[in-house]
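I would like the entire structure built from these sequences, with the hints used as guidance.
Protein chains in written order, with this note's numbering: chain V, 1 to 289; chain Y, 1 to 405; chain G, 1 to 361.
These are calculated hints, taken from the structure and not from any lab test.
Every value quoted in this text rests on a predicted model; they were computed, and no experiment measured them.
Beta carbons: idealized from backbone N, C-alpha and C, even for Gly.
Treat the hints with care, as some may be off.
[Claimed, not checked] Across the chosen pairs, the derived CB separations fall in these ranges: (1) Y/E219 - V/A127: 29 to 35 Å; (2) Y/E379 - V/V149: 55 to 61 Å; (3) V/I85 - G/L57: 39 to 45 Å; (4) Y/Q317 - V/Q2: 48 to 54 Å; (5) G/A147 - Y/G293: 50 to 56 Å; (6) V/I182 - G/R222: 50 to 56 Å; (7) Y/S37 - G/L342: 36 to 42 Å; (8) G/R222 - V/D173: 40 to 46 Å; (9) V/D126 - G/L136: 56 to 62 Å; (10) Y/E219 - G/Y323: 43 to 49 Å.
[To be verified] Not the full set, but computed from the structure, chain Y residues with beta-carbon under 7 Å of chain G: (11) G99; (12) K109; (13) R132; (14) Y195.
Each chain, letter by letter, is given below.
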Amino acid sequence: MQYAVTVLNGLALGAILFLIAVGLSLVFGIMDVLNLAHGAVYLVGAYVAVALIEGHASVAGFVAAVLVAALVGGLAGAALAGMSIPVRGHLDQALLTLGTALIITELISEFFGNEVRSVAPPPGLDASVGLFGQAYPAYRLALVVVGVVVAVGLHLLLERTRIGATLRATVADRQMVEAMGIRTRRLVISVFAAGAALAAVGGVLAGPVLGAQPGLDDTVLLLALVVVVIGGLGSVRGALLGAVLVGQVQALGVALLPDQASFLLFAAMAAVLLLRPAGLLPARGPAHA
Amino acid sequence: MDVPMPKSSRARRRSSSMVIAALLTGLATACGGSAISGEQPASQAAGGPATIGLVVPKSGVYAPLGADMENGFKLYLDQHGGKLGGKEIDLKVSDEGEGPQTGVPAATKLVTQDKAGAVVGIVNSATALGLRDTFIESKVPLIIANAGADDVTTSGGSPYIWRTSFTNNAVGASLGAEVAKQVGGEPVYLITADYAAGKEMVGGFKKAFEDAGGKVAGEAYTPFGTTKDFQPYLSKIKGTGAKAVFCFYAGAEAVGFVKQYDQFGLSGDLPLFGTGFVTEGAVLDAQGAAAVGTQTSLHYSDLIDSPKNKEFVTAYQAAFKEAPTVYAVQAYDAAAVLDAALAKAATTDGEAISKALAEIGAVDSPRGTWTFDAEHDPEQPYYLRKVEERSGAYVNALVSELAKG
Amino acid sequence: MSPADTNAADTNAADTNAADTNRADTNAADMKAASMRTVMAVPSVVRGRAGRLLVPLAVVVVLAALPLVLGAYPITLASRVLAFALLVVSVDILTGVTGLPTLGQVAYFGAGAYTAALVGIHWTSNAAVQLLAGVLVATALALATGAIVVRTKGIVFLMVTLAVGELTHQVAASWTAVGGTNGLAGIPPISVLPGGPALTLSGFVYWWVLAVFVVVFLLVARAMRAPFGRTLRGIRDNEPRLRALGQRTYSAKLAAYGLAGAVAGAAGTLWTAQARFVSPTDLGFDVAAFALLSVVIGGAGSLWGPCLGAALVILVRDEVSDYVDGRGPLLLGIVFVAGVYLLPRVRAVLGRLRAREKGFP
Numbered sequence: 001m002q003y004a005v006t007v008l009n010g011l012a013l014g015a016i017l018f019l020i021a022v023g024l025s026l027v028f029g030i031m032d033v034l035n036l037a038h039g040a041v042y043l044v045g046a047y048v049a050v051a052l053i054e055g056h057a058s059v060a061g062f063v064a065a066v067l068v069a070a071l072v073g074g075l076a077g078a079a080l081a082g083m084s085i086p087v088r089g090h091l092d093q094a095l096l097t098l099g100t101a102l103i104i105t106e107l108i109s110e111f112f113g114n115e116v117r118s119v120a121p122p123p124g125l126d127a128s129v130g131l132f133g134q135a136y137p138a139y140r141l142a143l144v145v146v147g148v149v150v151a152v153g154l155h156l157l158l159e160r161t162r163i164g165a166t167l168r169a170t171v172a173d174r175q176m177v178e179a180m181g182i183r184t185r186r187l188v189i190s191v192f193a194a195g196a197a198l199a200a201v202g203g204v205l206a207g208p209v210l211g212a213q214p215g216l217d218d219t220v221l222l223l224a225l226v227v228v229v230i231g232g233l234g235s236v237r238g239a240l241l242g243a244v245l246v247g248q249v250q251a252l253g254v255a256l257l258p259d260q261a262s263f264l265l266f267a268a269m270a271a272v273l274l275l276r277p278a279g280l281l282p283a284r285g286p287a288h289a
Numbered sequence: 001m002d003v004p005m006p007k008s009s010r011a012r013r014r015s016s017s018m019v020i021a022a023l024l025t026g027l028a029t030a031c032g033g034s035a036i037s038g039e040q041p042a043s044q045a046a047g048g049p050a051t052i053g054l055v056v057p058k059s060g061v062y063a064p065l066g067a068d069m070e071n072g073f074k075l076y077l078d079q080h081g082g083k084l085g086g087k088e089i090d091l092k093v094s095d096e097g098e099g100p101q102t103g104v105p106a107a108t109k110l111v112t113q114d115k116a117g118a119v120v121g122i123v124n125s126a127t128a129l130g131l132r133d134t135f136i137e138s139k140v141p142l143i144i145a146n147a148g149a150d151d152v153t154t155s156g157g158s159p160y161i162w163r164t165s166f167t168n169n170a171v172g173a174s175l176g177a178e179v180a181k182q183v184g185g186e187p188v189y190l191i192t193a194d195y196a197a198g199k200e201m202v203g204g205f206k207k208a209f210e211d212a213g214g215k216v217a218g219e220a221y222t223p224f225g226t227t228k229d230f231q232p233y234l235s236k237i238k239g240t241g242a243k244a245v246f247c248f249y250a251g252a253e254a255v256g257f258v259k260q261y262d263q264f265g266l267s268g269d270l271p272l273f274g275t276g277f278v279t280e281g282a283v284l285d286a287q288g289a290a291a292v293g294t295q296t297s298l299h300y301s302d303l304i305d306s307p308k309n310k311e312f313v314t315a316y317q318a319a320f321k322e323a324p325t326v327y328a329v330q331a332y333d334a335a336a337v338l339d340a341a342l343a344k345a346a347t348t349d350g351e352a353i354s355k356a357l358a359e360i361g362a363v364d365s366p367r368g369t370w371t372f373d374a375e376h377d378p379e380q381p382y383y384l385r386k387v388e389e390r391s392g393a394y395v396n397a398l399v400s401e402l403a404k405g
Numbered sequence: 001m002s003p004a005d006t007n008a009a010d011t012n013a014a015d016t017n018a019a020d021t022n023r024a025d026t027n028a029a030d031m032k033a034a035s036m037r038t039v040m041a042v043p044s045v046v047r048g049r050a051g052r053l054l055v056p057l058a059v060v061v062v063l064a065a066l067p068l069v070l071g072a073y074p075i076t077l078a079s080r081v082l083a084f085a086l087l088v089v090s091v092d093i094l095t096g097v098t099g100l101p102t103l104g105q106v107a108y109f110g111a112g113a114y115t116a117a118l119v120g121i122h123w124t125s126n127a128a129v130q131l132l133a134g135v136l137v138a139t140a141l142a143l144a145t146g147a148i149v150v151r152t153k154g155i156v157f158l159m160v161t162l163a164v165g166e167l168t169h170q171v172a173a174s175w176t177a178v179g180g181t182n183g184l185a186g187i188p189p190i191s192v193l194p195g196g197p198a199l200t201l202s203g204f205v206y207w208w209v210l211a212v213f214v215v216v217f218l219l220v221a222r223a224m225r226a227p228f229g230r231t232l233r234g235i236r237d238n239e240p241r242l243r244a245l246g247q248r249t250y251s252a253k254l255a256a257y258g259l260a261g262a263v264a265g266a267a268g269t270l271w272t273a274q275a276r277f278v279s280p281t282d283l284g285f286d287v288a289a290f291a292l293l294s295v296v297i298g299g300a301g302s303l304w305g306p307c308l309g310a311a312l313v314i315l316v317r318d319e320v321s322d323y324v325d326g327r328g329p330l331l332l333g334i335v336f337v338a339g340v341y342l343l344p345r346v347r348a349v350l351g352r353l354r355a356r357e358k359g360f361p
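Here it is in structure tokens:
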């Protein structure tokens, strides 16, 4: 019972990480680009929340922040896709996206300053509830619910719809899909935009937990990278499993091994990658079978 | 396809050596000086402006502290007509960045290139330690206006290393007896970020607290800079039977820790103590209501009720539209110290200034009167402060001056 | 691991190679035509062995003459650039030549830097001893970790090396015997001759740094021209083919990893020699990322290009930043993005120039 709350808390962290990481994973899967500006897009979302909510919590304000973040994130994603498509080679893409990330975060700190900012949870979720005899912030419970809803929604989208089928096929073998006459360019840009929108929305939703500050983008990007490589690049199920695992390493792992806390995350990742280099649940597809 | 070659190979060789020669001459005229002649920093003429370097973070996570320090220093300069000790000041401001990677070169440049007579600033402790030898060997005073690492000064007070801020150990120790008194024999849990400053502050507190008869329930050191979620630690604290918690965090970690301390229901039962940085400046705005009731010790609060401080706060607020922080005062005092030293110094070079620094005596500061001790750290009053809400804003209300341990 | 996984990994690698092939060819050409001259923009048509040596020699002469004309600060800066450039060369051996993108060389750089610092504090100020000790420790650490790490490739290699770098960083930051986050200060100035005087002047330290840089650079350049280097480039361009031809690519990759570790260790000792201070931030993620980006912006695979990239990164971060009020990172970002779009054009022009020199259009 002692660790029940910790496990739950790990799930809440996992939910945030899933929202952020799934876009990173899909973009890699579909266009073979490792978007290192993903953390910066997340930070844009966090600052949208700062601008629209900060201390003045209202449900309408929160919904507005989510919508604005989705829009801004989507546009940023589309722009990044446009910039990345002509760039060949992982290394040049890394240079491009990391350079863009530096520019975005510097512009943010130019407008918002470098102070730590916090975001109030919406009213109704700003209290703590009793759980296993301990106080637990209600907002974190809501995050778990959001994470589950998004995961189920994405699963249905990918497995049950035509778009999903095209998308999976593109991840598996882009040339083949193009040969069938499907224009993948638009699909690629949409996926990039959707993934970035999710990251920006993640920035809003994580606001009440992680706040906003320059530098948070690096932390989040590293965590998201760990999540997607543990889970398997290009795979939604992998991102989910990776997020849940990383959430638990950060919560339960820290509770059990507090003295080794600084080493846990990267040691866990190294262990997984050395045993299963393609990740735990790699993307499926004819080309990989 | 081969292009016919217009010149013989000897001519070509000659032309490239001419290019090199031209390059060298150009460099020589551009920079003067040489890196192998061992010249000392040029002694500045008695009447000319004194070059003073200010190295504070303008980028990275410490940038808010850097802004406060620059404000504090410049406020003093403006109040004195741009002069210190009656001498015109040529102020050179440099970006310290997040750590020694950027901070050490920035300060070194001020000494070796700009021939600064003194350098003020330095937020990061590792940067201060990395600069220590450079300043001692160049015989230029470094006036540290924040970095608190114990080792910067205690390992043999150098005539060139001064500090207007605090030592980590002393800030932690200042609260020891007070907490022991308040908890009355009940155990206290200690938690901080796992890095040198955290360990030194908690170490200082622990010794003073135990000397005053306090009991420690347990200690936790959380990964520095990467810990976002304190729930695993907070759960554990409850299990130890501690009746109060002492902590040190700064910046984003201070915000996260104090908010989660409240959200996970500890603030109701276990009073939270800490060094003043936990609730100082913009951090307190971000913590908001969650910080109410937190008691901290620090060598400053903008609510100190003295004419000197009231005058300072009014001037600072008029200039920068916000309340001054301890960081601003530390830099303000560094300017005051330089003011006094330059008034006594015969010339404006490093040696003269450091000699004069030893003779300035007591500093009348917004934080109260303080002096440099044998190690050149400030011997200063510490205050007990408690976070309160006053007309919609959160402040570090002054409770009392803490007895010296 | 199931066979499916292996294939998945291989297919990915193959894709990457296809995308990189263009650049690979340019790189190979770079190596052959020690092409300093193109950079010096001498419209140069210098032929033959003597000519090929002339420009690198001139560069070394200019670099060696710098302390005679430059003041103490620019020389410290130049020492820092050279030490960092050597770290970048070690990244390039893996990333550019062998096709293994790494964020882990900071671990060996740190091992070299900390070893030199400890030797300096506790034993001797002799720079050669510090260099040797640093290189040995770094190489041992590289071989021990490399034995596992080089089994991976591509993004997985990148992430595993990131883990190596971050874990080493954590060890340095939490180990109080090496100063924890405060780092190690109080390192005495180096001396070069046994029992000789301590080099307190930045110009003499710079000459030591330059000498080590030049020797290590030449050794690496030679190794990369040797059959060993060809094997590494073969691994980058098409590892399965090499294996099909019966090459033992694992031991070649491990050897490359050990060599890169040794070079990074040497760079670390130089870093300590010039800064006389080492702290965990010297092996932080920032340094790792900037080293990798220096390789990319300088042209992965050539050895001198990344050195220029290293100089660019350090100059923008430490120097130009001063004039733009702490906006160095913004400027770096712009340089990186601009580099991505402009460099292919520069490379194309260089390629054409070279092709013309070789006598075929």
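We went through each hint and held it up to the structure:
1. Y/E219 - V/A127: 29 to 35 Å: holds, 31 Å
2. Y/E379 - V/V149: 55 to 61 Å: holds, 60 Å
3. V/I85 - G/L57: 39 to 45 Å: Cβ of V/I85 to Cβ of G/L57: about 44 Å, so the range 39 to 45 Å holds.
4. Y/Q317 - V/Q2: 48 to 54 Å: Given about 49 Å between the Cβ atoms, the range holds.
5. G/A147 - Y/G293: 50 to 56 Å: Given range 50 to 56 Å: holds, Cβ gap about 55 Å.
6. V/I182 - G/R222: 50 to 56 Å: At 51 Å between Cβs, range holds.
7. Y/S37 - G/L342: 36 to 42 Å: Because 41 Å falls inside the window, the suggested range holds.
8. G/R222 - V/D173: 40 to 46 Å: holds, 43 Å
9. V/D126 - G/L136: 56 to 62 Å: Between V/D126 and G/L136, where Cβ atoms are some 58 Å apart, the hint holds.
10. Y/E219 - G/Y323: 43 to 49 Å: Cβ of Y/E219 to Cβ of G/Y323: about 46 Å, so the range 43 to 49 Å holds.
11. G99: holds, 4 Å
12. K109: holds, 5 Å
13. R132: holds, 6 Å
14. Y195: holds, 4 Å
In summary, the structure agrees with every hint in the numbered list given earlier.
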